[in-house]
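**Q** Each chain, written out:
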Amino acid sequence: MAFRPETAKPLNELAEILLHAPNSLTPGERELIATYVSTLNDCYFCQTVHGAIAAAHLHGDEELVRCVKLDFGQAAISEKLKALLAIAGKVQNGGKQVTKADVEVARRRGATDIEIHDTVLIAAAFCMFNRYVDGLDTWQPHDEELYRQRGKKTAKEGYVTMSREYLPRSSQKQGA
Amino acid sequence: MPHIPLPEQLPGISSAFAFRPETAKPLRELAHILLHEPNSLSPGERELIATHVSSLNDCYFCQTSHGAA
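Chains A and B, in that order, are what the protein sequence lines are.
Take 1203 as the starting number for the first sequence in this note's numbering and just add one per residue.
Take 86 as the starting number for the second sequence in this note's numbering and just add one per residue.
Bear in mind the hints are in silico, worked out from the structure with no lab data behind them.
As the structure is a computational prediction, the values presented were derived from the model and not from experiment.
Beta carbons are placed, not taken as given, at the ideal position from N, Cα and C, and that holds for glycine.
There may be inaccurate statements among the hints.
What follows is a list of derived Cβ distance ranges for each label pair [unchecked claim]:
(1) A/P1370 - B/L95: 32 to 38 Å
(2) A/E1265 - B/I134: 39 to 45 Å
(3) A/R1310 - B/S127: 45 to 51 Å
(4) A/A1326 - B/P90: 40 to 46 Å
(5) B/S99 - A/E1346: 39 to 45 Å
(6) B/I98 - A/N1295: 16 to 22 Å
(7) A/G1312 - B/S99: 26 to 32 Å
(8) B/L95 - A/P1343: 27 to 33 Å
(9) A/D1263 - B/E93: 38 to 44 Å
(10) B/P92 - A/E1208: 37 to 43 Å
(11) B/G152 - A/R1371: 35 to 41 Å
(12) B/E122 - A/A1326: 19 to 25 Å
List time: in silico DSS-like cross-link candidates among lysine-lysine, alpha-carbon distance up to 27 Å [stated by the list, open to error]:
(13) A/K1292 - B/K110
(14) A/K1282 - A/K1302
(15) A/K1355 - B/K110
(16) A/K1271 - A/K1282
(17) A/K1271 - B/K110
(18) A/K1298 - B/K110
(19) A/K1354 - A/K1282
(20) A/K1292 - A/K1302
Put together the whole structure using the sequences plus the hints.
**A** So this is what it looks like as structure tokens:
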């Protein structure tokens, strides 16, 4: 992101709207979707940092995050979120895998059209973010505490504010 | 029939963009920078990369629209 601030700007804005901005799905629920998809894509950086952000939103419940990554069907989350995670998993495998029946189950469990849309876009966007991070072979430190601290800060401040740490001022002014 | 009630008569990604303009804005901006703005790779070369990946992903709308660009 710091290497190419021009593209970092819309990417951070997209993450901000999908994961941090007010939504009928909580930030914790949306971060769990992002973490789950990143786990399926085997992206260490994304699953760890978004897992830490999810935990920060969920009162530090790292065990719940671990459970969602391992087998969300057994996790202590709503039936609606389980249906949305199932859709997200299908999107990770390929958009055409999502069936009318998957969407019907989510709807029966109370998911709105916007929530279904955002679930599909979070899953699709994280396939992009995961491939971006791993396709460039980025440096990914293995230090849980570092991700925990960054997770807390991002959960509090959001993506656009956090990006100011590494983006030059000139690129922040553009289109702001 | 789309999985959610997207605006009719708009093909592919444009219907999803119209449904959710908040997320459409950064996505359009990203595509514009990656594919259209001045770059040492020509717009044609960059559209070919987008078309190739869309073909591998078997996405009819994207491979056809970016193939035409």
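**Q** Could you tell me which of the hints above the structure violates, numbers in ascending order?
**A** Violated: hints 4, 8, 10 and 17.
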